[in-house]
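In order, the protein sequences belong to chains A, B, C and D.
Count the first sequence with our numbering and you get residues 1 to 317, in order.
Count the second sequence with our numbering and you get residues 1 to 344, in order.
Count the third sequence with our numbering and you get residues 1 to 500, in order.
Count the fourth sequence with our numbering and you get residues 1 to 328, in order.
Rather than coming from a laboratory, the hints here were simulated on the basis of the structure.
What you are looking at is a predicted structure, and each value in this text was computed from that prediction instead of being measured.
Just so you know, even glycine gets a beta-carbon here, dropped at the ideal spot from N, CA and C.
Don't take every hint at face value.
The calculated lysine-lysine pairs, modelled on PhoX-like cross-linking and capped at a C-alpha distance of 25 Å, are [stated by the list, open to error]:
1) 72(C) / 200(D)
2) 262(C) / 320(D)
3) 183(C) / 338(B)
4) 225(A) / 33(D)
Pulled a few chain B residues facing chain C out of the computed Cβ check, cut under 10 Å [to be verified]:
5) 29
6) 170
7) 220
8) 224
9) 286
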Amino acid sequence: AGQNEAETSKDLKIVLLVKSLGNGFFEAVADGGVQAAEELGGIESIYMGPSASTAEGQIEIIETLIAQRVDGIAISANDPDALIPVTKKAMKAGIRVISFDSNINVGGREVALAPSESALIGAQQVRLIAELTDYKGKIGIVSATSQATNQNEWIDYMYEAMKDPAYKDMEIVEVVYGDDAADKSYREAVGLFKKYPDLAGIISPTTIGILASAKAIEDEGLKGKVQLTGLGLPSEMQHYIENGTCGQMALWNPVDLGYSATYILARLISGEVEGKTGDKIDAGKMGTITIGENGNSIMGEPFVFNKENIADFASIF
Amino acid sequence: MNERLQHVSQDRLINETNIREILIEMVTKWEFILILLFLGVIIFFSNASPYFLDYFNMMNTTFNFMEKAIMALPMIFAIMCGDIDISIASTLALSSFGMGLASSMGAGTPEIVIIGLSIGIVAGVFNGLLVTGLKIPAIAVTLGSQSLFRGISQAFLEDKAFTKYPESFGYFGQGYVGDSLIPFELVLFLVLAVIMGFLLHKTAYGRKVYAIGNSSTAARFSGVSVNRIRFTNLVLNGLFAGIAAVLLTSRIGSTRPNIAVGWDMEAITLVVLGGVSIIGGKGNIFGVIIAVFLLGYLKFGMGLLNFSAKSMIITTGFLLIAAVLIPEMLNTVKAKRKLRKQQG
Amino acid sequence: MSKTILQLKDIAKYFPGIKALDKVDFTIRTGEVHALIGENGAGKSTLVKIMTGVYQPTKGKILMENGEVQFKTSHDAQAAGVVAIHQEASMFSELTVTENIFMGHHMRKKSGILDWKAMREHTSELLGRMELDINPDTLIKNLGTAQRHMVEIAKALSVDAQLVIMDEPTSALSLKEVDELYKIIRQLKEQGKAIVFISHKFDEIFAICDYFTVFRDGQYIGEGKVKESTVDDIVKMMVGRSLNQMFPKKEANIGEKILEIKNLSLPGYFKDVSFTLHKGEILGFFGLVGAGRSEVMRTVFGIDKKSEGTILLNGKEIHISSPRVAMSHGIAYVPEDRQQQGAILEMSLSHNITLPQIDRLSKFGILRKDSEKTVTEEFGNKMEIKAANWKVNANTLSGGNQQKVVLAKWLATNPEILILDEPTKGIDVATKAAVHEFVSEMASSGLAVILVSSEMPEILGMADRTVVMHEGRVSRVFSREEANSDNMILAATGHEEGTL
Amino acid sequence: MKNRIEKILQNRELNLGFLIFILLIIVTIRAPKFLELSNVERIVNDTAILIMVASGQLLVILTGGIDLSVGSTIAFSGMAASMMNQYYPGIPVYLVLLSGILIGTALGAFNGVCVAFGKIPPVITTLGTMSIFRGLTFVMSKGQWVTAHEMTESFMNIPKGRFFLIPNLTAWAILICIIMFYFIRYTRHGREIYAIGGNKTAAHFVGVSEKKVNFMVFTILGALCGLAGVMWTARYAAAVNETAAGFELQTVAACVLGGVSMAGGAGALTGVIMGSLFLGIINNALPVVNLSPFYQMAIQGFVVLTAIVANVLMEQRNEKQLLNRRRQ
Ligand SMILES: Nc1ncnc2c1ncn2[C@@H]1O[C@H](COP(=O)(O)OP(=O)(O)OP(=O)(O)O)[C@@H](O)[C@H]1O
Ligand SMILES: Nc1ncnc2c1ncn2[C@@H]1O[C@H](COP(=O)(O)OP(=O)(O)OP(=O)(O)O)[C@@H](O)[C@H]1O
Ligand SMILES: [Mg+2]
Ligand SMILES: [Mg+2]
């Protein structure tokens, strides 16, 4: 990037800082950022992330971004609190900071762009598995790390949603953590089968978790016996959706996410909006995004993928 | 030289008062290579990015690597004695947990700090006892305590976090000295570096560390209490991990069990890059200090040019190897030249 | 009949900073035991390493029957029929005797896989021939020092060599094994093989060698037939001057009792060891290697922890829990193994010499260069250490000079009780005499000395009283008058029960 | 008599076996299903990869070195093989497997060259290549993953399926162990590893080349990592950039538990196998015993430490007995 310093310098620098590099989801987010930048023009969209998904790694990057005096940073945070001091510093240095996907707590950003309302996601996950297990049976959850903010938030809402009488015959028996490692997630999934021989379904709201769980179900010959849903990338899950191991799963469009984040930042920087509650932001093809209570804003309902539509999306993200 | 030493008949010795010899001697010094690399980094990046050679930035970026640098200091001593501590990052996590707990129960800044440091010491004592008391290799012990320490904080903290710290506590990791632009962390590191450097190079303790590193048996036979020193080294590692815990916790104003994951290896990298011999017995503090700033500013520079994090770790890797390879090769050349000279 | 088997022409070996060998000519003939003699640092071991391909000569050539040869590795040398027993301990302590003997030239089946059965048989056959009662499957670490060295010898014999080089093979052997070694050497001689024998002990040279070559400062000095020469001739060639007497024993004025040991025991090493030591006395400790003398001394010095027994210093019981404590009571211990225990090879001479009292030489734990310098020079010079300067590492010194460094570092602590464990092991005559003179001087000035030695003449020459140990027990204590080689050997081999 | 005690002293494996036994009892009390044949089979299968790599790590540690880059080597060769399979599904799978192994070998050889000829201490070399190989994995994959639908069935079947009742993965591990055992015990090169680790000077005297041995052990370990890489990605049907992160410490732990001396020169394959199994049991037990997942890490650390300590204590006791028997 630095090579063409000269002619890009007049462009606005907008950075998409993601949890970690080497993850299809965020690669797609980056594409969205570029799209938006091209539409808006005069924007250099920069994609960055630490090599491992740690808050410390992101802090290091933000420090250098402050030094570079970039114009805006959109962060998918590895930790909702740890980044606050440094993002405050950034904002003091005149950089506009928002968070997206995995958010920073109030005070650490101006706008928090949730891909969708956590309540919605939780409820939807439960609904999806319920449809697969026709509303009865034991459900296990294979999550990412025990510290993963948004997973934890969604899981809380899943418990909430379970209170609905429609799910009276279902129960979430346990939450296990695969630490976003294929082998550990796989072992944990198998552990669930062993502990609950009558397990009806697994919800895995994390991309590597749902992959490993699918593989485990397949290897243990439980396809059809143990249902699977969660949040996964079509391009990565196509195989298991098509062969029925995973009946259906949900995800918002990461491209749109990066796209909207870039738009919001651009608008903040240009001063068209201040980011107050109630502000309406024109986010190009995404329509208008409304900023709600203390900067939270929602993009829309997570999209559901199944046998029918998976192929079309697999090619996109 | 004195009269007795003449015993080695002169024609048998090759004297080294030749200026070129001295030059080569210097060039083959590890620290020299590091300094060259360091200057290289500075020069390259100040040309590559307008933001690099900026006083505020130069100072400010040190926030990113001071905690690791501080943990590297006592690691020098452990590695010198042929030990190693791969549990320091977990110690950091444990002591950060302790501080969070204390502050959540309403402790004030002084108490929090004291608790942080004490937990560090306790962890160090734990390792030290197992290593010296039961004669288990340090790598084996700390391999276990690595999971144990972090595990404990996770067991209690679960998926929650401590985020309430007193306002004043923020100073350690975010504050500047007076109204200058010099981070407190940087000053603290330099002070500690001077202290540890003095300890290593100017005190009996340091001399004994060198002795143990070269031959712990012979050291023991010379009346050096080997175990006491190795024990102290590990406790120092714990203590400094505690110091780092104070700084980092204060800097990010919160505590989670996964704080500072993988920092043990980063600290060890600094020590090794600094020219401390893993086999023990060789190394000095200056090398490590240079290594700290070399790596720190390299990362900063690459960050300014928006290099991907992956290309950074690749560079670090090569740097590590190069920093050993270059002096090694130069030394071979030197030895060859010497012999050729002898043959006249 | 005896023909030249190996010839060195104008050999030179340079190490950075020093010419270990220069313009060396050396000829070895079959059916002959050729003594290689020289002071410490003369270059003997270096020559050995060149003849066995461990080092490559900087200059010069090696000739054998059919022309010039070049030994890139010791494999090449072995293939050409040259093997050596090196001065440095070269055993793999975690491996079995069998494996140690065959490492580097394992026997293999036709299929190419190792033939352990054959090697094992060969080993026990070999050990049998050397009348050694050792199980081929024992790990070296469980062997006694002497046994280890015999295994080293067996290792050399396991290859069918034309030339066997022995670099100070007897330094850790006791008389029984030495006799065994002589027998082996004679056998080899009869088989028409050539032997190069390096030793600082003249009795050995005159007992077993036919011919000798003398080196000094890395250069060839001269050679001759052993029968036609006297010790003095050889010494002159070695040192360049003739020596005053070997054991300059001063008349001891024994003072009051300073140290008393009562029923000291260390399971596995020694049991019920009791003895007393007086000011100004030189107390000899004799025994076969492996008798446990070192362990007794190590326990007194606080390195090994005693299981039972009491130690009294000036009548008061003291508890020596560590070398530091021992040193604080004025005890100094010069260990037997200079490579592992004595010197710190990678450290400079001056740092080596000051290490034991580094605390005393520093103020508030801070080093004081000046006081280090004075101590180093005073005692370094006293011991006449040969080195380029005080900053060179100990490992660039020859075996003997390393030993001098170790002596210097302990004398520097001005002890009241000085324990010397094989202090002259591998030390040349000149140095040896110097050490002896030194020791008796110290003694006469009131220092209490314990002298552990496996060298009968040394004990007889130096000791006022001698404790003889056998299999970890004190078998008898001799006064200077009653001591003679015969009854000491008997006691050492346990044939005579001691009267304490 | 004395010899028998020495035998006990020599095989630390006995102690470890005892510890494994205790561990199994404790786990089974909490989760009776744990000892079902099917489950035992899966545990062994799940540990197979660790066993393969740890047995290679053994060789390196025997020389007194250590290889911290195994995790990254596995990731790189796994990713390379998977991408090969993704872009050229036509290539027969055994060729893919082979090239995976070759790639691993190459990376291992690179370590070997640095250590043997560059005279760079193993820790430094592999600390460096740990980052380099991991970084290159990312560069090669452009951050993308290779997942099930991009892999051919036959590729994913490499570790799957059975070879005479034995699961393939396990069969591979057994094969490796046999070869390793033979290599270590019955070949010159195998023994020379012990020589270098035991006493370098002595090894030099008997003409054992330190360079050669160092290069050899790292290359072998590299090859094993290559194999492990293919197995890993095929088994989980996912080649990601973080594959096997931190695995190096697992392999070292397996060796430490197996009583291998970190100083080099002493250690046995059987010990390493048992050490690996010990870890494998913990890894598979923790998910099934009913404990808060938040306790897992602490328990893992605690159990490993206890095992190491117990191991040492038992040895020291044997040591003492041996001494007491002598000279009494
Ligand atoms: N590896 C080395 N590097 C530098 N100098 C060396 C090395 N090895 C030997 N020397 C020097 O070469 C000279 C000869 O050493 P060598 O060991 O051959 O003496 P030596 O005759 O065997 O003495 P001793 O009787 O004590 O064994 C000594 O001055 C020693 O310092
Ligand atoms: N019977 C034995 N079995 C096993 N090891 C033994 C035996 N005897 C002695 N040792 C080992 O040998 C050493 C004792 O021999 P060492 O040579 O130190 O005794 P020493 O009488 O002091 O001999 P030196 O004459 O060298 O002083 C100890 O380290 C011990 O481990
Ligand atoms: Mg010699
Ligand atoms: Mg002894």
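Hint by hint, here is what the structure shows:
Proposed proximity of residue 72(C) and residue 200(D) is supported: the alpha carbons are some 17 Å apart, at most 25 Å. At roughly 23 Å between alpha-carbon atoms, residue 262(C) and residue 320(D) fall within 25 Å of each other, so this suggested pair holds. At most 25 Å may separate the alpha-carbon atoms for a hinted pair to count; residue 183(C) and residue 338(B) exceed this at roughly 46 Å. Note on residue 225(A) and residue 33(D): the hinted pairing holds, with a Cα-Cα distance of about 20 Å set against a maximum of 25 Å.
For residue 29(B), the suggested interface contact is broken, since its CB lies about 16 Å from the closest CB of chain C, more than 10 Å. The restraint placing residue 170(B) at the interface with chain C is violated, with a minimum CB-CB distance near 36 Å, outside the 10 Å limit. Taking 10 Å as the C-beta cut-off, the interface hint given for residue 220(B) holds, the closest approach to chain C being about 7 Å. Hint status for residue 224(B) relative to chain C: holds, with the closest Cβ pair at about 7 Å, below 10 Å.
Nearest Cβ of chain C to the Cβ of residue 286(B): about 17 Å, over the 10 Å cut. The hint is violated.
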